[in-house]
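Asks: Each chain, written out:
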Amino acid sequence: MANEVQKTGGEVARNEETRDMGPTFRPATDIFEKDDVVTLTIDMPGVVPDSVDVSVENRSLTVRGTIEAPVPEGYRRIYAEYAPGTFERAFSLPDTIDADKIDATHRDGVLTLTLKKSEAAKPKQIKVKAA
Amino acid sequence: MLNYGLSQAQWDPFAELRQLQSQMNRMFEGGGRSQRAGDGNWPPVNMWLGDDSVVVTAEMPGVGKDDIDLTVRENTLIISGKRNPSTDDDDAAWHRRERPSGEFSRSIRLPLRVDPDKVEARAKNGVLEIEMGRPDAERPRKIKVKAS
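Those protein sequence lines, which keep their order, are chains G and C. In terms of the UniProt record's numbering, the first sequence has 37 at position 37, counting the first letter as 1, and numbering is strictly consecutive. In terms of the UniProt record's numbering, the second sequence has 65 at position 65, counting the first letter as 1, and numbering is strictly consecutive.
No wet-lab data here; the hints were simulated from the structure. Even for Gly, the Cβ is constructed at its ideal location relative to N, Cα and C. You can take every hint at face value.
Label-pair distances were calculated between CB atoms; the ranges are:
#1 G:Thr96 with C:Asn84: 22 to 30 angstroms
#2 G:Lys122 with C:Trp94: 19 to 27 angstroms
#3 C:Glu74 with G:Glu57: 53 to 61 angstroms
#4 G:Asp35 with C:Asp51: 55 to 63 angstroms
#5 G:Gly22 with C:Asp91: 38 to 46 angstroms
Short, incomplete list of chain C residues facing chain G, as computed with Cβ under 8 angstroms:
#6 Trp48
#7 Val63
#8 Arg97
Put together the whole structure using the sequences plus the hints.
Replies: Here is the structure:
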C-alpha cells in the first residue's frame with residue numbers, strides 16, 4: 001500500500017536542476033491503515049504550510065516542501081546538525097486508492113495526508129438469491 | 001554531477017551507481033534524522049552565537065508547545081519532552097514507521113554561561129528557537145585607558 005516509487009537516473013538529473021535550493025532530503029514518513037483510510041504522516045520541519053506541494057500524476061503521489069531556515073539576525077552559526085534544503089518524496093498509489101479524495105493538513109511541521117479507498121475497492125456483500 | 005550530454009532517457013549505469021552511493025551515505029550519516037527519539041540525539045540542533053547571547057534551533061516536528069520542557073543551568077541547556085506516535089490505535093495496520101516517537105531528553109553544552117531569566121523560546125512550523133542571554137555581570141566590558 002502506497003509503496004515508495006523506485007527511482008532510476010531521474011533523481012540525479014533533478015538534483016542538478018535544483019542545486020540552488022540546497023540538498024534534497026527524504027522526509028521520515030509513517031504510513032498506517034485503518035478501515036478504509038490510509039494515513040501518511042510526513043515530517044517536514046521548517047516548511048511553511050503554504051509552500052507544501054502535494055501532487056498526483058500517473059498514480060504517483062509526490063510531496064515537496066522547501067525548508068525555510070532564516071539565520072537569526074546578528075548571529076553566526078557555530079554548530080549544525082541539520083541544513084536547509086528541500087524535502088521531497090514520492091509514493092506510488094495502488095489502484096485501490098481514490099486519487100481524487102486526498103486530504104492534506106500541515107501542523108507543527110508535520111504533513112498529514114489522508115487517503116481513502118475507492119468505492120470499487122471496498123469489500124461488498126453479495127446476497128444469494130433464492131432460485 | 002557530470003552528465004556527458006546524455007539524455008535522461010538513456011540508461012546511465014553510473015547514474016544508478018551514484019544514486020546508490022548517495023542513498024547509502026544518507027542512510028549512514030542519518031543527517032540528524034535518526035529513528036529513535038530516546039537515544040539522546042533527538043532533536044537535531046543548530047547553534048548560533050551572537051555578541052552576548054546564543055541561539056539554539058531544534059527540528060522537532062509534531063511536538064506541541066505544551067509537550068516541550070526546557071531547563072537552563074549555567075552553560076547547559078536540556079530539551080526534553082514527549083513526541084506522540086502518529087496513531088495510538090492498536091487496530092491500525094502499519095506499512096511504514098520511520099518517525100521517532102516517545103520521550104526524549106537532550107543535553108546541549110553552550111559556549112557561554114547564560115542567565116535563566118534571559119531565555120526566550122519560540123516554536124514555528126516544527127522548529128524550536130531558544131534564545132539565551134549571558135548574565136550582565138559576565139558581559140565583556142571595555143576598559144578605558146586613562147592618560148597618566
